[in-house]
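Trainee: Given chain A's structure and the hints, the job is docking chain B onto it.
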Amino acid sequence: MIPSAFDYARPENLQDAFALLAEHGDEAKLIAGGHSLLPMMKLRLATPSILIDISRIDGLAGIDATRDGLKLGALVTHAALAASEQVRKLAPALADAAAQIGDTQVRNRGTLGGACAHGDPAADYPAVLLALGARLRIAKKGGETVKEADDFFRGMFETALEGDAILTEIALGPAPHSAYVKFPHPASHYAVVGVAAKLELQGAKIASARVAITGVGDSAFRAKSVEKALSGVDAGDAAAIRSACIDAAAGIEARSDVFASGSYRAAMAAVYAARAVTAAAIR
Amino acid sequence: MTAVVGRAVVGTPTSRLDGREKVSGEARYAADWPFENPLYGVLVQSSIPSGRIDSFDLAAAESAPGVARIFTHLNAPRLVPMDSPPLGQTFLPLQSDRIDYEGQHVALVIAETLEQAQHAARLVRVVYERGPARIDFRAHLTDEIEVQGFFPADTSTGDVSAGLGGADVKIDVTYRTADRHHVPIEPSATLADWRDGKLTLYDAAQWVHGVRIAVAHVLGIPLDDVRVISKFVGGGFGCKGFVWPHQILAAMASRELGRPVKLVLSRAHTFTAHGYQTASEQRVVLGATRDGRFVAIRHHSWTPTAISDDYLETCATPARASYASGAIETRNRAVRVNRGVPTPMRAPHEGVGAVAFECALDELAYALGVDPLEMRLRNYAERDPTTGTPFSQKNLRECYRIGAERFGWARRSPVPGTMRDGDTLIGYGMAGAVMFTVRMPSTARITLHPGGDVVIETATQDIGGGQYTILPMIAADALGVPVERVRIVLGDTALPDAGGTFGSSSTMSAGSAVFTAAQELKRLLGGRRSVSQPLTAEGKFQPEHSDALSMFTFGAVFAEVHVDRDLPTPRVARITGVYSAGRIINPKTARSQIIGGMTWGIGQALLEASELDLGLGRYLSKNLAGYVVPACADVRELDVTFIEEVDEHASLLGAKGIGELGAVGVAAAIGNAIYHATGTRVRDFPIRPERLL
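Residue numbers (my numbering), protein chains in the order written: chain A, 10 to 292; chain B, 27 to 719.
This is chain B alone, in the form it adopts within the complex:
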């Protein structure tokens, strides 16, 4: 082992160690794994949103060339029920004639080639008996239900009604966000290999252990007989976080047929094969004194959920932690509709809620004639306003100050519609960002080999966040070796368990386990610099929840938007974001995470909506032509700064999570900038040009 003197690895911008593999095509994604003699699966999805399957006519499909089997609810094995999570939906596939949503899998065609399976899938005829369908949740808000989500549905501190009664100025506004889909460039894919009573899944997964647990359980096979491998993931954003029916079906088909099965979803199939981010209806009521101090905050949210499953997008969460107020009431309800089960998507909960909450706050600032940034400073929360506890760390005031300076907020003219450049209306807007900190129990193993190579093993995933680089940096730093000597093996349930790569948790969770293992290895080495036999140490991170501290990440986001006077297309000219998010391990991949998040925010603000036919319950465009995401031309100057800090409460590294934070507050800042540019307040996102006519 070579001692490295005077070189700290952590904190040094480091290029991705897996970059070469990725750009050269060597990186192996799920569908890339070579299989001998595989069968191919193609799904058939329901064309009705509600009812039952009366019958199938499979004669043509079954006699088509190459067809090995067509699974339907009539011949598929029974599956063992299970909770969500790890399942994305508890409504298991091919178990009954019941249809709950359009795009529900009703058959799985297995054939010798992909083309044969696709052809036969087209020949499957399904006779349905239609049932009554409820598609539009907005039309049924009075049928709201209380469901249990990841966070409490309701919180209440102080007396909001009394606060509003005594307020000098009040804002009562309703905002809407749209249904959105994750659309990672790699559609979900599962390759199942049942061999000698053991199952190996090559999967596009954000949580290999979750897939293992779920598939073993529902198929009724011992956990030890299932191995899940996911080495590279071409974007997940939440849709590969939990376990969806296609993963189960691929495993089931391989077991039934005794051959490997490749099930790669088409783009169109992904729209209902996994969850989506719900649209939302959000009512925000704010009361303040004349000098711009909150006396009451009320945030109520409604989102759709499925017939079979309870999912709650808790949009009314930012108000719980963002600003000081004597009275805060938040409430989240769901409405059942005949659609698939929603799931978290970058950025869930606060990410959807911030759109309404941070825009409503902007409205209040204009109503009071107070600068929106000043408004936020006047209501700065030194403690968690809901629990009254201190934050583990919060440097948001610094974020505001540095952000305003870098952005040039002082150049803003206070009156909307007064900044112009020829036919271009210019607007400045800002918003705050807050995101709950999620940590996962994690384990890792580190081995020092003779010759000095270090190998990390942990069953976390790198879905683009940079863990292939970040975790070796942590080990290199702890052991005092160059990062080039450290190799990591991840994405495999044969490795020590680590949590799912969601909730912005992987770097601090798996990273802390790696750090602990490295410390242990150092202890075992006892001052030696090399070994003659491989030496292995294990490490573990067990986050301990404490009611004494509130743990969040924070940010201040500033956006400049240009709106063409005639068209009137809004374009984001630049975004500045400054973040208080714990210690930054790799500034280079961290910046990538944030600019990725900002790009998601641009999509949320201006482009992304899964347009739904409210009669058929069907997405109008299950493709990337109709579901429009930002292209490079939509994304211009993005300026990212991290406050230098170490949150020792959050993790052993002092690091927190940034995978989602970058997507929070961006859409609100853009919406606020559009108002500033045009004087038109749009409360319906995405803000398409026609809403500015």
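If we strip away everything but chain A, and leave its shape as in the complex, we get:
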């Protein structure tokens, strides 16, 4: 329960952080809230020789509503997202997810960017970012790039983020008809199954849907056959929504552990997909 020895640096700005990353390479780990990294270090699953603490870098903790939606700094905490009126109005699925992460202490320290960069297969945000079509801004020494969420989450603890890069901002279009629901692990509160849904409604019908699932596969994924099946479905028809969601985990090799088997996760993906869509439809 005691991490191996490490150095600690707290750069004032991104340029200093890039310099430290360049200097220490693979030996360095970025830390913001530390709520995934520190437990791994205590178990010595991670043994960085230096932590680069980016939590005090200015300008990365803002929640800004723009004409195009939301711009969220990577250092915004889960608690701040859950409490934000703007987030609840423009991207309720994100507020849903933020409010259900861990416990109060975790939500007060853990950050949006940190949770996304970590790439945990049972993390909540990846499903939301996929469903909402988020764009992730990544800064490097040479400049910036923007990745679609669809291209960002690549596998278990694997993202498009390279070792010398820092995730700085997440941008979302408005998604008022969106929701995130999950079956939390009773001890860790990680998603055994978590589903985010975003709907475009046309009158009483679902014009289009984006549905993404976390906790089930090696990383969060879009349930594209469900999205297709939902198109044109009456948003108030619970039975039709259930039936459209039935193959939510089709083609995915669902993970098994002592708490839930793969087949149970796959079955719950369908149940929770229907619940997410139903919740999104009445927002």
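You may find that some hints are simply not true.
[What the hints assert, rightly or not] Derived, one-sided and incomplete: chain A residues facing chain B with beta-carbon distance under 8 angstroms:
no. : residue
1   : Ala196
2   : His198
3   : Val267
4   : Ser272
5   : Tyr273
6   : Ala276
7   : Val280
If you're looking for bench data, these hints aren't it; they were derived computationally from the structure.
Every value quoted in this text rests on a predicted model; they were computed, and no experiment measured them.
Don't be surprised by glycine CBs; every beta carbon is placed ideally from N, CA and C.
Mentor: Below, chain B alone, put in the same frame as chain A:
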């Protein structure tokens, strides 16, 4: 001595006399005993399930700060072989290079501080030579062996094959239960203090005299030189009943090093440091007439045992005593695997067997279209169906009647899947419970002091059953003094011998000894009410076995289960249990015992399984995150009733045992309720949601 008129103590709900000590933290558990200048031990356990130790590399560990000694089979003293029980396993620790199971102790690191010992234990390098390992007993049922357990492996009355041949309806089903662990909140701990040629052990023990006998024997020291003290035990459930290698190792290390040694097991180490409850494969074949009367009962069981030791979980026991049938055949076999030695766990034998037997009976009732309760009444056994002898006492018919009434069994709709509340499927299920009565020879001493204080001394244990309260109640009642004037000293081999606190035996056994001592004290007092010098009397309980009577406790258990239609998580909404279990000394602690047992039944039904890697022979989660036990939110309304009765054959008090009975039949009642709710019959316990998909 103050005379108490018109106040019977026995039978009055009485709060625990040790409650204040426990909630205030004053109660001293094994690891709490203060020691001057102790050393600390940490075990190193085998990472392979079979083979031998080729070599150790101890250089780093031995040169780590604070290390006093690292014991391995290469330097540990030879131990004297002994039988089980009192040993939990006859395979003694650190005696050879042989590895029989994953998690076997291969080294004991002793250091000046706990942290230093933990650190050095991590530095111990072991080179193994792997041998072939057999882990999965189910894959080797044909390699069954006959071993001697606590009960006969086989019984047979009548002609089962003929009975089945003539049956109108037959059920032939196989049930499975899972490996389970006791996981008491207090992990086992032994503090050994070798001083001037004498050994004192402060131990977490359900049987202090058993520890004394075993440790003295295997270390080759006189019995009189060993004292074992166990004042409070934070849950035992069987895992502290017999004597396991860590207790021996702590004593050995203290003797070798001439200093006190504290060996407190980590949660992970407990998973293989003591026994476990075996998984089981149970085949139940039932034959009945069209009107629901048994013509034949066959119950066969297979369970794992260890390479070194014979342990038999006799699951095929409930059929021996439960229902009337002209033909009953029971058979229990074991399969050797490379795993630790199993041991009894609340509730053993009948507790594991009832899962299969009482669910199979439910299946037969549905097949016949007979109400499951009516089915049991039609086959009510007035006498022991295996021996033909009368029961010492049995009021099970009353249990059924009162239980059905309290539970509202009549509201049950007979067809599965027809009781609903919105998205919640509702099921009613019931089962019978039967448990063999075990009694222990016991002695006790009572002293009346000038001023009126009464002190009881007996080497029984209170592992949560309430003996700290119950035994003073018995003495207070017999002597006519308020219970507050009675103090008890227990859990110490310096006191008069009493048996182990297992087999649901302590209240009736130690209690009868206390009762006898109190009667003797009264006789010595000859009508006096006070004394000027302490006056002591001794009492003894020597249970006499009689072939003329069968002695069991009984119960009827009813469960309501709610299953979410979508998830589909089963939740136990309420349980009603009614018990025919002799005289109840303290209704308050008795209810605690039963609701505790019911909670164990909920775990057995829905949650508890020690998941095993069938390649490595290793439990996947040696912790309480992966071994899931019921939490408060899993346990809702529990309704307990005892039939008012006195079984004068069982003990001088008319009392029997209830420590295990409450855990019997609960899982079957829940399984039956799940079937009633969903129409899905699950024969693989625990019934996790995925089995209901």
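Trainee: Flag every earlier hint the structure violates by its number, smallest first.
Mentor: Failing hint: just 2.
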